Amino acid sequence: MKTRTKVFIWTLSLIVLLPILIMGFRFYMWRRDYGQAEPLVQTVWPLARAMESFARERGRSPENLDEVVRYTPSQDFSRVRVFPHYFCTNGPRRFVLRVNARFAFVIDDHFTPAWRESPDVLDILPFPE
Numbered sequence: 001m002k003t004r005t006k007v008f009i010w011t012l013s014l015i016v017l018l019p020i021l022i023m024g025f026r027f028y029m030w031r032r033d034y035g036q037a038e039p040l041v042q043t044v045w046p047l048a049r050a051m052e053s054f055a056r057e058r059g060r061s062p063e064n065l066d067e068v069v070r071y072t073p074s075q076d077f078s079r080v081r082v083f084p085h086y087f088c089t090n091g092p093r094r095f096v097l098r099v100n101a102r103f104a105f106v107i108d109d110h111f112t113p114a115w116r117e118s119p120d121v122l123d124i125l126p127f128p129e
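For the sequence shown, this note's numbering gives the first residue as 1, with consecutive numbering after it.
Among the clues, some could well be false.
[Stated by the list, open to error] Computed Cβ-Cβ distance ranges for the label pairs, DEER-style:
1) Pro84 / Trp10: 42 to 52 Å
2) Asn90 / Thr43: 21 to 31 Å
3) Asn64 / Pro19: 25 to 35 Å
4) Pro92 / Phe8: 52 to 62 Å
Simulated from the structure, these hints should not be mistaken for laboratory data. Computed from a predicted structure; not experimentally measured. Beta carbons are placed, not taken as given, at the ideal position from N, Cα and C, and that holds for glycine.
Required output: the full structure, derived from the provided sequences and hints.
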């Protein structure tokens, strides 16, 4: 084969394979991040219920995780402590748990938990890092 033909075949192969490799890598990274966040659903949803009960009984939202743990000692919220989390006593968000660069959990002012995958939720300005 001529050199020009070899170069053409290699270039065409790279053009075809590179997007496939990039998509495969992105899917791998998404799966890794999702696998880290998904088990926390079993912790965040009960946490939202506990926060709502706390707020109904005490007339205010909890200010930190220790208050919720003392209020509901039967629940295990220890997995939350591993990740950056923020409590806010007023405003549209009462709790934010940042799992990784892609996923977060948010409990709103109605104590409804939600799973978030968007940069606007992950870059929460009112909360200190």
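Status of each hint after checking the structure:
1. Pro84 / Trp10: 42 to 52 Å: Since Pro84 and Trp10 have Cβ atoms about 46 Å apart, the given range 42 to 52 Å holds.
2. Asn90 / Thr43: 21 to 31 Å: 24 Å, holds
3. Asn64 / Pro19: 25 to 35 Å: 47 Å, violated
4. Pro92 / Phe8: 52 to 62 Å: The hint (52 to 62 Å, Cβ to Cβ) holds, given that Pro92 and Phe8 are roughly 57 Å apart.
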